[in-house]
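Enquirer: Listed here are the chains, written in short residue letters.
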Amino acid sequence: QVQLVQSGAEVKKPGASVKVSCKASGYTFTGYFMHWVRQAPGQGLEWMGWINPNSGGTHYAQKFQGWVTMTRDTSISTAYMELRSDDTALYYCARGTAAAGSFDYWGQGTLVTVSS
Amino acid sequence: QSALTQPASVSGSPGQSITISCTGTSSDVGGYNYVSWYQQHPGKAPKLMIYDVTNRPSGVSNRFSGSKSGNTASLTISGLQAEDEADYYCSSFTSTTTPYVFGTGTKVTVL
Chain P
1 QVQLVQSGAE VKKPGASVKV SCKASGYTFT GYFMHWVRQA PGQGLEWMGW
51 INPNSGGTHY AQKFQGWVTM TRDTSISTAY MELRSDDTAL YYCARGTAAA
101 GSFDYWGQGT LVTVSS
Chain D
1 QSALTQPASV SGSPGQSITI SCTGTSSDVG GYNYVSWYQQ HPGKAPKLMI
51 YDVTNRPSGV SNRFSGSKSG NTASLTISGL QAEDEADYYC SSFTSTTTPY
101 VFGTGTKVTV L
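Protein sequences, first through last, are from chains P and D. Each residue of the first sequence is one higher than the one before, starting from 1 at the first, in the numbering used here. Each residue of the second sequence is one higher than the one before, starting from 1 at the first, in the numbering used here.
By construction, these hints were calculated from the structure, which means they are not laboratory data. Here a beta-carbon is modelled for each residue, glycine too, at the ideal position from N, C-alpha and C. Mixed in with the good hints, there may be bad ones.
[Said to hold, decoys possible] On the chain P side, residues computed to face chain D include the following (Cβ under 10 Å):
(1) E46
(2) A100
(3) S102
(4) D104
(5) Q108
[Claimed, not checked] Listed next, the in silico SDA-like pairs over lysine to any residue satisfying Cα-Cα at most 25 Å (straight line):
(6) D:K44 x P:A40
(7) D:K68 x P:A100
(8) P:K19 x P:T71
Work the whole structure out from these sequences, hints included.
Expert: Here is the structure:
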């Protein structure tokens with residue numbers, strides 16, 4: 001069965017960066033785009049960007065350009081997102097569907113707390 | 001790219017039907033048949049309920065259905081059950097430089 005397992009909660013200081021991982025299993029990792037979605041406390045969902053695990057190509061939402069870097073390691077079927085923003089939020093990875101219109105499997109979420 | 005507009009809350013009694021709207025523009029909802037709906041229970045990850053406007057993934061109850069007219073998409077939940085109480089978000093592909101946008105979210109309460 002398809003599973004996306006994310007790394008645990010992080011606490012980071014303002015100005016520091018943090019790297020969140022998303023390990024995929026149960027399907028061919030390179031066959032589907034991986035997306036990242038942000039959810040601030042008590043707020044809605046916000047699309048951040050995608051990575052094509054096959055080519056490594058990325059596309060970021062305009063709002064997050066310069067604040068996020070998405071990478072992957074195909075040898076261990078894992079996608080990564082490195083964040084440099086100072087927003088406390090929950091970050092999800094989500095697999096894109098083959099038709100590219102939706103997100104069919106989601107990770108459990110990783111809470112990144114910014115605190116000095 | 002602005003978020004798609006959803007009502008903040010919708011409520012209904014068990015067994016009733018409710019409909020949640022999702023209004024966008026011709027650059028997103030109205031321009032593509034790539035509208036999807038997600039259910040999110042408190043403390044849980046979102047779950048795909050409807051994709052490509054009207055399609056249900058395997059395992060999703062047929063009490064959930066989707067439709068679209070012009071720039072507005074809708075999710076209907078029939079035979080409302082206590083377990084349907086959750087937040088619901090729509091999403092659409094867009095023609096802008098940010099290719100995906102979510103709705104503002106709707107809290108469904110079962111009375």
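Enquirer: If a hint holds in the structure, say so; if it doesn't, say that too.
Expert: Now for the hints, and whether the structure bears them out:
no., hint, result
1, E46, "holds (7 Å)"
2, A100, "holds (7 Å)"
3, S102, "holds (4 Å)"
4, D104, "holds (5 Å)"
5, Q108, "holds (6 Å)"
6, D:K44 x P:A40, "holds (14 Å)"
7, D:K68 x P:A100, "holds (18 Å)"
8, P:K19 x P:T71, "holds (10 Å)"
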